[in-house]
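Turn these sequences into a full structure, and let the hints guide you.
Going line by line, the protein sequences match chains F and E. According to the working numbering, the first sequence holds residues 1 to 140 in order. According to the working numbering, the second sequence holds residues 141 to 765 in order.
Treat the hints as calculated values from the structure; they're not laboratory data. Worth double-checking, as some hints may not be accurate.
[As the list claims (entries may be wrong)] Some chain E residues close to chain F (C-beta under 7 Å, calculated; not the full set): (1) S216; (2) E220; (3) R222; (4) S239; (5) V245; (6) K249; (7) H265; (8) Q266; (9) A267; (10) N273; (11) V293; (12) D295; (13) L296.
[Claimed, not checked] Listing some non-contacts, in silico: residues in chain E with all C-beta distances to chain F over 12 Å: (14) I289; (15) T368; (16) I415; (17) S493; (18) H499; (19) E552; (20) N621; (21) H702; (22) D733.
[Claimed, not checked] Below, in silico cross-link-like pairs of lysine to aspartate or glutamate (DMTMM-like), each with a Cα-Cα straight-line distance of 20 Å or less: (23) K399/E with E292/E; (24) K82/F with D218/E; (25) K122/F with E292/E; (26) K81/F with D263/E; (27) K711/E with E552/E; (28) K247/E with E127/F; (29) K137/F with E219/E; (30) K121/F with E292/E; (31) K137/F with D208/E; (32) K84/F with D260/E; (33) K84/F with D263/E; (34) K137/F with D263/E; (35) K23/F with D295/E; (36) K87/F with D263/E; (37) K81/F with D257/E; (38) K137/F with D218/E; (39) K23/F with E292/E; (40) K274/E with E309/E.
Small disclaimer: the values here were computed from a predicted structure and weren't measured. Where is the CB? At the ideal position from N, CA and C, for every residue including glycine.
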Amino acid sequence: MKKIITILTIVPLMVFAGLNVGKVTNTLSHIKGKKTLSFFNANTHIPLEGKLKLTSLSTADIVLFSSKKHKSKSTIVNSYKKLKENKNSIGAIYLKKGRTQIIFVKERLDAKGLSLSPKFKKHILHEWQLDPLALVKGLK
Amino acid sequence: MNKINFFNNNRIYFYVIIAYAILFYLFLSTYKDLIPFEDKAKHILLNEAISLVDDTTSNILESMVKEDVSFLHSNSNDEELRFENEKLLSMMNSTDINSLFVVYVIKGKYFFLLDTDTKDHADLHQAFIPENNKVFSQVVKGKKKKVFIQNEVKDLSFTLLKPIVQNGETVALLVIDYTENRLTSLLNISVKALSYLLILFLAFVFAFLFYIIYTHYNKYKIYRNPQTNTFNRIYMIENYEKIDFKKYYVALADIDFFKRINNRYGQKNGDKVIIAVIKIIARRLEKCDKLIQYSGEEFLLLIAKDARNEYELRKLLDDIRIDINRAIFDIENEKVSLSISMGVLLNTGIEKSLQDVIHKADTALYESKHNGRDKVSYFDISQPKKLYREKLKDMIESDKLVCYYQPIRSLEDKTLHHYEALLRIEDGDNIIFPDKILPDLEDSYLYTNLTKRVIEYNVAKLKEDKKMRISINLSADDLVNDAILSILAQNADLADRLLIEILENKSIDYKKVELSIQKLKLFGYKICIDDFGSGYSNLNHLLKLSIDYLKIDGSIIKEIHHDKRAYSIVKTFATFCKQNDIEVIAEFIDKQDVVDILKSFGVKYGQGWYFSKAQPYEDLDKDHK
Numbered sequence: 001m002k003k004i005i006t007i008l009t010i011v012p013l014m015v016f017a018g019l020n021v022g023k024v025t026n027t028l029s030h031i032k033g034k035k036t037l038s039f040f041n042a043n044t045h046i047p048l049e050g051k052l053k054l055t056s057l058s059t060a061d062i063v064l065f066s067s068k069k070h071k072s073k074s075t076i077v078n079s080y081k082k083l084k085e086n087k088n089s090i091g092a093i094y095l096k097k098g099r100t101q102i103i104f105v106k107e108r109l110d111a112k113g114l115s116l117s118p119k120f121k122k123h124i125l126h127e128w129q130l131d132p133l134a135l136v137k138g139l140k
Numbered sequence: 141m142n143k144i145n146f147f148n149n150n151r152i153y154f155y156v157i158i159a160y161a162i163l164f165y166l167f168l169s170t171y172k173d174l175i176p177f178e179d180k181a182k183h184i185l186l187n188e189a190i191s192l193v194d195d196t197t198s199n200i201l202e203s204m205v206k207e208d209v210s211f212l213h214s215n216s217n218d219e220e221l222r223f224e225n226e227k228l229l230s231m232m233n234s235t236d237i238n239s240l241f242v243v244y245v246i247k248g249k250y251f252f253l254l255d256t257d258t259k260d261h262a263d264l265h266q267a268f269i270p271e272n273n274k275v276f277s278q279v280v281k282g283k284k285k286k287v288f289i290q291n292e293v294k295d296l297s298f299t300l301l302k303p304i305v306q307n308g309e310t311v312a313l314l315v316i317d318y319t320e321n322r323l324t325s326l327l328n329i330s331v332k333a334l335s336y337l338l339i340l341f342l343a344f345v346f347a348f349l350f351y352i353i354y355t356h357y358n359k360y361k362i363y364r365n366p367q368t369n370t371f372n373r374i375y376m377i378e379n380y381e382k383i384d385f386k387k388y389y390v391a392l393a394d395i396d397f398f399k400r401i402n403n404r405y406g407q408k409n410g411d412k413v414i415i416a417v418i419k420i421i422a423r424r425l426e427k428c429d430k431l432i433q434y435s436g437e438e439f440l441l442l443i444a445k446d447a448r449n450e451y452e453l454r455k456l457l458d459d460i461r462i463d464i465n466r467a468i469f470d471i472e473n474e475k476v477s478l479s480i481s482m483g484v485l486l487n488t489g490i491e492k493s494l495q496d497v498i499h500k501a502d503t504a505l506y507e508s509k510h511n512g513r514d515k516v517s518y519f520d521i522s523q524p525k526k527l528y529r530e531k532l533k534d535m536i537e538s539d540k541l542v543c544y545y546q547p548i549r550s551l552e553d554k555t556l557h558h559y560e561a562l563l564r565i566e567d568g569d570n571i572i573f574p575d576k577i578l579p580d581l582e583d584s585y586l587y588t589n590l591t592k593r594v595i596e597y598n599v600a601k602l603k604e605d606k607k608m609r610i611s612i613n614l615s616a617d618d619l620v621n622d623a624i625l626s627i628l629a630q631n632a633d634l635a636d637r638l639l640i641e642i643l644e645n646k647s648i649d650y651k652k653v654e655l656s657i658q659k660l661k662l663f664g665y666k667i668c669i670d671d672f673g674s675g676y677s678n679l680n681h682l683l684k685l686s687i688d689y690l691k692i693d694g695s696i697i698k699e700i701h702h703d704k705r706a707y708s709i710v711k712t713f714a715t716f717c718k719q720n721d722i723e724v725i726a727e728f729i730d731k732q733d734v735v736d737i738l739k740s741f742g743v744k745y746g747q748g749w750y751f752s753k754a755q756p757y758e759d760l761d762k763d764h765k
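Structure below.
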């Protein structure tokens with residue numbers, strides 16, 4: 001049991017070790033909705049504060065880094081794989097090659113009535129860009 | 141004002157400050173360019189560092205990319221090929237390389253194609269958001285490799301981007317991330333260290349500059365009279381060796397009868413007069429000349445030989461003399477005229493020291509004073525008379541100065557009361573008496589030096605011989621001289637055996653003298669008026685002084701037994717003194733008849749050949765009876 005707890009504690013830490021929290025917070029704070037968005041951070045090891053309005057899970061508009069599925073809420077997951085699999089997630093934040101990867105799916109944002117400032121356009125992918133087959137078709 | 145003068149007179153500091161400002165500006169410019177410089181330097185070094193990897197990867201990529209087969213299609217569709225290619229690329233991995241992967245680009249977005257990383261392996265077609273999109277785009281468009289410093293990604297030092305070009309188009313990018321290595325660490329440290337060192341160096345230069353200016357300014361303040369900006373004696377003493385006197389004609393100037401100004405109008409007004417005189421002199425001088433306030437009213441003029449010939453010098457000094465002579469000094473609503481005497485040495489080139497030069501100028505100055513003042517005299521080595529004064533100076537400053545002692549005895553029982561110390565100068569076998577030298581020294585700083593020497597000589601005698609009591613002669617000018625008063629104050633423990641005899645002169649300021657007498661009496665000194673009746677003294681002035689003894693002048697005493705007027709005068713003085721508790725001393729007593737008359741007047745003490753001549757200390761009765 002202890003091992004499981006240790007693994008459960010260390011793994012998220014390892015996954016997010018080196019994550020550029022400032023960059024994450026700044027990007028999330030630029031997601032616009034009909035009202036001021038509130039966030040629930042399921043991973044307490046990532047200290048998202050300051051610009052973001054953090055609330056409880058029940059009142060949050062967007063749930064961050066949760067391993068569970070929240071059908072009624074927009075979620076931001078912690079891996080590219082989860083982003084592809086979980087159509088309810090609007091984006092993913094994770095580390096790859098030492099770099100903080102922040103990805104949002106345009107169609108999913110639109111469906112939730114959310115948008116992101118144009119200056120973050122490099123972080124926005126289209127749904128088809130998550131699909132390998134579609135990508136292969138686009139290859140020269 | 142002093143500071144402005146300082147910088148005006150020391151232009152070198154202007155230049156130093158300007159130089160420092162330029163240096164500071166250069167530093168700021170350099171500092172501004174330091175970051176680009178650092179990047180450039182890093183790029184050069186990084187290109188050097190990646191050269192080996194660059195060459196090898198070029199070869200690998202060449203083998204991987206085939207002209208007729210789409211690189212992207214073949215790799216995304218053929219897992220085996222992808223595996224082979226990843227294997228090929230992974231040969232490049234080393235401890236310096238953190239990750240090595242290939243991404244392709246579609247509509248400005250990047251996706252993984254190949255990844256050599258086993259731990260943090262990216263999936264095929266997984267999106268990749270580069271931290272520096274701009275550089276990635278540049279490589280795609282430019283088709284040229286690029287190395288950039290990794291500022292955003294922790295643990296990475298730099299990244300090499302190599303375009304994979306097929307059919308003239310960039311189809312993918314090979315990304316090689318380098319870990320933080322010694323090269324970049326060293327580069328970071330060295331550039332930062334360089335800037336810190338530069339700051340430190342500039343701070344040190346500034347502190348050093350400030351120290352030099354501050355020190356020089358302090359010296360300047362010490363060396364200069366703040367009101368006239370002329371050099372003072374301290375400057376000369378401290379720069380004796382540095383002043384190249386051979387480049388100058390040297391003149392010593394002295395305001396005639398200046399003591400009278402001081403005595404009559406006070407020192408404050410005296411100082412104002414000195415400032416006015418300095419300004420008159422300075423007006424005529426060039427920048428290359430030097431004006432030094434040698435002592436209170438004595439000035440040393442160093443006139444640059446480069447600026448004037450002898451004829452022009454003579455004219456200049458005469459002009460100065462005439463300027464001062466014509467000037468009217470307004471002192472307390474009184475119009476006062478002054479004159480100045482000068483002594484000049486033209487041929488300074490043959491002299492060994494500045495002291496010798498001043499000595500000779502002073503000898504010439506003496507000549508001016510001796511010949512009626514308000515004159516400029518030039519030192520002429522052929523005249524032995526002028527050298528006499530020089531010799532006199534040497535004698536005063538050497539051990540040739542001695543005192544002879546004449547006893548002052550009770551007229552009643554002839555017991556010794558004290559000795560009067562009488563100045564003598566032993567010049568070989570000759571003994572020089574004070575009346576031969578004092579007129580020559582009048583109004584000169586040598587006179588004060590002489591008095592100091594006499595006091596010191598007798599203080600030493602009193603310390604040596606505890607039974608001895610001595611009286612010394614001081615002029616009224618000596619009594620108002622702070623240096624003399626200070627010596628007497630320092631030796632107040634001898635006050636009960638050291639009596640002060642005051643010599644009269646015509647410029648005596650009774651108020652000041654009385655003030656000094658009061659000070660001396662507080663120390664315990666007894667005061668005696670010497671040679672009373674010889675000159676300008678009168679009973680009215682006498683009443684103003686708190687004296688203990690009055691010595692009647694010998695010229696009256698020696699006439700007492702055959703001149704009725706002398707007889708009456710002495711009798712009147714004696715009566716007056718008796719009524720005012722002043723003891724009377726008679727001098728020049730040469731016979732018993734005189735003693736008898738004096739005793740009848742109530743005169744208590746006497747001196748003269750009748751009792752004893754003045755003798756050297758060695759010949760005195762050591763019991764002092």
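Now the hints, each set against the structure:
Checking S216/E against chain F by beta carbon gives a least distance of about 5 Å; that is within 7 Å, so the hint holds. Interface hint status for E220/E: violated, as the beta-carbon distance to the closest one in chain F is roughly 17 Å, over 7 Å. For the restraint placing R222/E at the interface with chain F, the shortest Cβ-Cβ distance is roughly 13 Å, beyond the 7 Å limit, so the hint is violated. Checking S239/E against chain F: minimum C-beta separation of about 5 Å stays under 7 Å; hint holds.
Taken as an interface hint, V245/E does not check out: its beta carbon lies about 10 Å from the nearest beta carbon of chain F, beyond 7 Å. Residue-level restraint check for K249/E holds (minimum Cβ-Cβ distance to chain F is 6 Å; threshold 7 Å). A distance limit of 7 Å between C-beta atoms decides the matter here; for H265/E the minimum to chain F is near 4 Å, and the interface restraint holds. For Q266/E, the shortest C-beta to C-beta distance to chain F is roughly 5 Å, which falls under 7 Å, so the interface hint holds.
At its closest, the beta carbon of A267/E sits 6 Å from a beta carbon of chain F; the interface hint therefore holds under the 7 Å criterion. For N273/E, the suggested interface contact is upheld, since its CB lies about 5 Å from the closest CB of chain F, less than 7 Å. About 5 Å separates the beta-carbon of V293/E from the nearest beta-carbon of chain F, less than 7 Å, and the hint is met. With a cut of 7 Å, the hint placing D295/E at the interface with chain F holds, because the nearest CB-to-CB distance is about 6 Å.
For L296/E, the suggested interface contact is upheld, since its CB lies about 6 Å from the closest CB of chain F, less than 7 Å. With 12 Å as the threshold on Cβ separation, the claim that I289/E sits away from chain F holds: the shortest Cβ distance comes to roughly 14 Å. Every CB of chain F lies more than 12 Å from the CB of T368/E, the least distance being 68 Å, so the non-interface label holds. Distance check on I415/E: its Cβ is at least 72 Å (rounded) from any Cβ of chain F, clearing the 12 Å threshold; non-interface status holds.
Every C-beta of chain F lies more than 12 Å from that of S493/E, the closest at about 78 Å, which supports listing it as non-interface. The beta carbon of H499/E sits about 84 Å from the closest Cβ of chain F, which is more than 12 Å, so the claim that it is off the interface holds. Every Cβ of chain F is farther than 12 Å from the Cβ of E552/E; the closest lies at roughly 113 Å, confirming the non-interface assignment. Under the 12 Å C-beta cut-off, the non-interface status given to N621/E relative to chain F holds; the minimum distance is some 82 Å.
With a least CB separation of 123 Å from chain F, H702/E remains clear of the 12 Å interface cut-off, as annotated. At roughly 122 Å from the closest C-beta of chain F, the C-beta of D733/E stays outside 12 Å, upholding its exclusion from the interface. About 85 Å separates the Cα atoms of K399/E and E292/E, which puts this hinted pair outside 20 Å; it is violated. Annotation: proposed proximity of K82/F to D218/E is violated, straight-line Cα distance about 25 Å (limit 20 Å).
Using a Cα cut-off of 20 Å, the hinted pair K122/F and E292/E holds, with the two alpha carbons roughly 16 Å apart. Simply put, K81/F and D263/E have alpha-carbon atoms about 9 Å apart, close enough for the 20 Å limit, and the pair holds. Our distance criterion of 20 Å between C-alpha atoms is met by K711/E and E552/E, whose separation comes to about 17 Å. The suggested pairing of K247/E with E127/F holds, with an alpha-carbon distance near 13 Å, which does not exceed 20 Å.
Distance restraint check for K137/F and E219/E: the Cα-Cα separation of roughly 17 Å lies within the 20 Å cut-off, and the hinted pair is therefore satisfied. Under the criterion of a C-alpha separation no larger than 20 Å, the hint pairing K121/F with E292/E is consistent with the structure, at around 19 Å. About 18 Å separates the Cα atoms of K137/F and D208/E, which keeps this hinted pair within 20 Å; it holds. As the CA atoms of K84/F and D260/E are separated by approximately 18 Å, the hinted pair is consistent with the 20 Å bound.
At most 20 Å may separate the alpha-carbon atoms for a hinted pair to count; K84/F and D263/E meet this at roughly 12 Å. For the given pair, K137/F sits about 17 Å from D263/E by alpha-carbon distance, which is consistent with the 20 Å threshold. Simply put, K23/F and D295/E have alpha-carbon atoms about 17 Å apart, close enough for the 20 Å limit, and the pair holds. A distance of roughly 19 Å separates the Cα atoms of K87/F and D263/E; the hinted pair therefore holds under the 20 Å criterion.
Between K81/F and D257/E the alpha-carbon distance is near 18 Å, which keeps this suggested pair within the 20 Å criterion. For the suggested pair K137/F and D218/E, the alpha carbons sit about 15 Å apart, so the restraint of at most 20 Å is met. A C-alpha spacing of about 10 Å is found between K23/F and E292/E, which places the hinted pair at or below 20 Å, so the restraint holds. Pair hint K274/E plus E309/E holds up; C-alpha atoms about 18 Å apart against a cutoff of 20 Å.
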